[in-house]
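Colleague: Protein sequence lines correspond, in order, to chains A and B. With the working numbering, the residue at position 52 of the first sequence is 52, and numbering never jumps. To get the working numbering, take the position in the second sequence, counting from 1, and add 250.
It should be emphasised that the hints constitute simulated quantities derived from the structure, not laboratory data. Heads up, a few of these hints could be off.
To be verified - What the simulated footprint calls covered on chain B by chain A, stretch by stretch (three residues with Cβ under 8 Å from a Cβ of chain A suffice, anywhere in the stretch; the number is not a length): (1) 265-276; (2) 279-289.
Unchecked claim - Ranges of calculated distance between the beta carbons of each label pair, as one might list FRET restraints: (3) A/Val79 to B/Arg300: 38 to 46 Å; (4) B/Glu286 to A/Asp73: 26 to 34 Å; (5) A/Phe75 to B/Asn303: 53 to 61 Å; (6) A/Gly74 to B/His278: 45 to 53 Å; (7) A/Leu250 to B/Ala253: 46 to 54 Å; (8) A/Gly83 to B/Arg297: 16 to 24 Å; (9) B/Pro304 to A/Gly83: 24 to 32 Å.
Stated by the list, open to error - Residues of chain B clear of chain A, computed beta-carbon distances all greater than 12 Å: (10) Ser296; (11) Pro304; (12) Arg313.
All values reported here derive from a predicted model rather than from experimental measurement. All C-beta atoms in this analysis are idealised placements derived from N, C-alpha and C, irrespective of residue type, glycine included.
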Amino acid sequence: MNFTKFAPKQLVRVGLLAALLTVSACGSDTDGRSTISPGNDVAPIATASFEVTITNLTNAQPISPVAALIHQDGFNSIVIGEGAGLGVEMIAEGGSNSEFLSEVQALETTITTQSGNGPIGPGATQTIRLDIFESELAGAQLSAIGMLVNTNDAITALNAVAIDDIPVGESRTYDTIAYDAGTEADTEAAGTMPGPADGGEGFNAERSDAANVVTMHQGVVTRDDGLVSSVLTQAHRWDNPVSRVTVTRL
Amino acid sequence: MPADPGGLAGTGATGAADADTNTTVHIHRGALGDTEATSGTSDLDSRIHRWLNPVVRVTVTVR
Chain A
1 MNFTKFAPKQ
11 LVRVGLLAAL
21 LTVSACGSDT
31 DGRSTISPGN
41 DVAPIATASF
51 EVTITNLTNA
61 QPISPVAALI
71 HQDGFNSIVI
81 GEGAGLGVEM
91 IAEGGSNSEF
101 LSEVQALETT
111 ITTQSGNGPI
121 GPGATQTIRL
131 DIFESELAGA
141 QLSAIGMLVN
151 TNDAITALNA
161 VAIDDIPVGE
171 SRTYDTIAYD
181 AGTEADTEAA
191 GTMPGPADGG
201 EGFNAERSDA
211 ANVVTMHQGV
221 VTRDDGLVSS
231 VLTQAHRWDN
241 PVSRVTVTRL
Chain B
251 MPADPGGLAG
261 TGATGAADAD
271 TNTTVHIHRG
281 ALGDTEATSG
291 TSDLDSRIHR
301 WLNPVVRVTV
311 TVR
């Protein structure tokens, strides 16, 4: 991990959390809330822990490793009708979330980030855990984003949902839809998509889509529906929603 | 497929899809259809048998 890209605030809290986790025991106070005890003479620092469980609802569109973050109000990973940032473009075209995570870690609004530990196949479920201090909870929002990899630049995203009012032990469920990042033409042509249906190119800095803005995705045409230059088949089509996200406060 | 009550379904198609990749319950990706009434891959008509979610609206009235 490249810590030099962290904002000062991030550096401090990462160091503090790491120190706490190495010297301390985790437990629960009488409210059932998880705590981190830094030592015998220091009061426990309350944490707020969340599990984000993502299920892929498509037939044949694996979702690239999801980038998840807890942040304050004012951040949106994508905005319909506006151009995608470089980090989002790299997710949308190649399924790589490292640039996006570096970008958001440098933002003052970001509290913590986490990457999924691999792609989520059709029908599969993966859980990502995020921990913050309870003092950071007020106003906290969750965002998550990943690519439908058998496409040119389709993504699905959970966009800045409030999580600070989820009671301990309870959860909230969201369905997410597919967006077109607008950074690459939707040719479906051989060599243009990184997923297993093609094994082609991922990120390319050229912005070749008809409109260089994020839109709701219109779906894939596929060769079975008459696009003879497409390497996709009817199996790669989808309808919304494409993923279900359950957020649980531990 | 059960019969189309509208009587608009075709015949003689070869079938649009093999087994699903995702064998768990998942969101339907839609019907492909084609425009061939007595041949092609689908007996559905791509001009009239397609849909996009949502497909029903449920209203609960408390009496």
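Colleague: Please go over all the hints and tell whether each is borne out by the structure.
Modeller: Status of each hint after checking the structure:
no.: 1; hint: 265-276; verdict: holds (count 9)
no.: 2; hint: 279-289; verdict: holds (count 3)
no.: 3; hint: A/Val79 to B/Arg300: 38 to 46 Å; verdict: violated (29 Å)
no.: 4; hint: B/Glu286 to A/Asp73: 26 to 34 Å; verdict: violated (54 Å)
no.: 5; hint: A/Phe75 to B/Asn303: 53 to 61 Å; verdict: violated (28 Å)
no.: 6; hint: A/Gly74 to B/His278: 45 to 53 Å; verdict: violated (37 Å)
no.: 7; hint: A/Leu250 to B/Ala253: 46 to 54 Å; verdict: holds (51 Å)
no.: 8; hint: A/Gly83 to B/Arg297: 16 to 24 Å; verdict: violated (35 Å)
no.: 9; hint: B/Pro304 to A/Gly83: 24 to 32 Å; verdict: holds (30 Å)
no.: 10; hint: Ser296; verdict: violated (7 Å)
no.: 11; hint: Pro304; verdict: violated (9 Å)
no.: 12; hint: Arg313; verdict: holds (29 Å)
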